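Student: As they're listed, the protein sequences go chains H and G. Just so it is clear: in the first sequence, position 89 is 398 by the numbering used here, and no numbers are missing. Just so it is clear: in the second sequence, position 136 is 445 by the numbering used here, and no numbers are missing.
These are computed hints drawn from the structure, not numbers from a lab. Small disclaimer: the values here were computed from a predicted structure and weren't measured. Ideal placement from N, C-alpha and C gives every residue a C-beta, glycine not left out. Treat the hints with care, as some may be off.
Derived Cβ-Cβ restraints for the label pairs, each shown as a range [what the hints assert, rightly or not]:
#	chain 1	residue 1	chain 2	residue 2	range
1	G	G415	H	Y543	27 to 35 Å
2	H	P385	G	R560	52 to 60 Å
3	G	I471	H	K318	44 to 52 Å
4	G	N523	H	A519	54 to 62 Å
5	G	T453	H	R529	35 to 43 Å
6	H	D549	G	I471	46 to 54 Å
7	G	D517	H	K311	43 to 51 Å
8	G	D438	H	R529	32 to 40 Å
9	G	P502	H	M336	44 to 52 Å
10	H	M336	G	D438	25 to 33 Å
11	H	P337	G	D438	23 to 31 Å
12	H	T386	G	R560	34 to 42 Å
13	H	M336	G	E339	27 to 35 Å
2 protein chains.
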Amino acid sequence: MKFSDKLSKIIDKNKSLLCIGLDPDLMPVEDVLEFNKAIINATCDLVCAYKPNLAFYEAFGSSGLAVLEKTLEHVPTGVPVIADAKRGDIGNTAKAYAGGLFDFFGFDAATVSPYLGYDSVEPFMEYEDRGVFILCRTSNRGATDFQSLCVGEMPLYEAVAIRAREWNVHGNVGLVVGATYPEELKRVRSICPEMCLLIPGIGTQGGDLASAVNYGVDARGEGAIYNVSRQILYASREQDFADAARDMADRIRLQINAHLTR
Amino acid sequence: MKFSDKLSKIIDKNKSLLCIGLDPDLMPVEDVLEFNKAIINATCDLVCAYKPNLAFYEAFGSSGLAVLEKTLEHVPTGVPVIADAKRGDIGNTAKAYAGGLFDFFGFDAATVSPYLGYDSVEPFMEYEDRGVFILCRTSNRGATDFQSLCVGEMPLYEAVAIRAREWNVHGNVGLVVGATYPEELKRVRSICPEMCLLIPGIGTQGGDLASAVNYGVDARGEGAIYNVSRQILYASREQDFADAARDMADRIRLQINAHLTR
């Protein structure tokens, strides 16, 4: 099944555009698998995807990746998992990265960096049933250092959006656009009206939810995935963390839905 | 010891600016460790560094990273190892990547992508004794898609070089510049006369060695690391692969030295 179909199906089923970032950065590696399983058990009927960031697993070397492998096995069929990897390398190497993420780990989608251009993204896009989210306008402070530089008539991130649209011959390309810059999100949505957007930055990072939803979704009120990590994972730091994560996830899910005007 | 000192020391000792890319992409994971060990044993007195690209280990998940861990243990003390990772993520996540590569794996240096700007590179640069190579002008075809776009008076990769120079307060920042574009290499060297350059593209990728050396080294005839992967690793595909790798490595080492005019 194509990533976009799998995504639409779960959005309909769970009435959710919420993605939970499985980024457990505050505990010993031995505890991560049980933590992830508890979070997944508590929230899998409330999300449209999970998104582990590979950094928090690689930090523990091979044991970290073993935990990631077991975490993925625990995600129920039907819930897509996005590898937040932001990979970008030359063709031959990009092919190895894509093979690792899609074939070995079995991720449904991955984030990639555009800096090396077409042949660094192509090996990912060739997996027609997987999603490829190209970094466009990220949610961090340093995003303006290069992404906002003017290339001709437009900032670099718009040039990236335009190229991504051209590259999207299999209909499996999306963009990462932070919620922390609503005007830029609006602009990217207007350049790519039909592409799926992966939107971090509405949780701890403080982006405004109303504009992130109004500007983020496509004409069908879908096509946008709102990622929250720490605000949900660490809603409580006590034994009740899974229940607290569920409550917080449901609250955010409903807040997003309240801004949808379909 | 600072990365630059460790590098100078081994350059002097081995009379070499050659780095071997440990990118074993053509074999089952079970065979990779023995292959790497044989390559390291055969070449460690001829190189100034090794550079495993993480893609070729991650492609096998946790078993791949276990092989990488054991490979690193096998590199003799005094020979720096560069993580070719091209990571680039928001601050919190970049910190996890830097911790993984520098603290867990113990790499002496790492490559990073500039697209997310300062706070994505800062957690790496804060390790003052490690090297941080920021992607500037890469060696692949797609490099022109964004790196060559004009921002104001200059192409994007020059803007990256200028920012990298500004960020280099601890003297541990370098740049990745492909040998396949000699004029761009010359230009970057003139912008950053004292920075260390990591230069891929002289082997299989076909960059011209004379100009890569003339334009790449600093005023001392150092400050440039020439990476070759496949041309050395696969100099022979028979049982004599390690001897063949040694011969090829020595040939390239001497060719580089022949172009040095110190």
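Student: Quick one: which hint numbers does this structure break? Sort them smallest to largest.
Tutor: 8, 12
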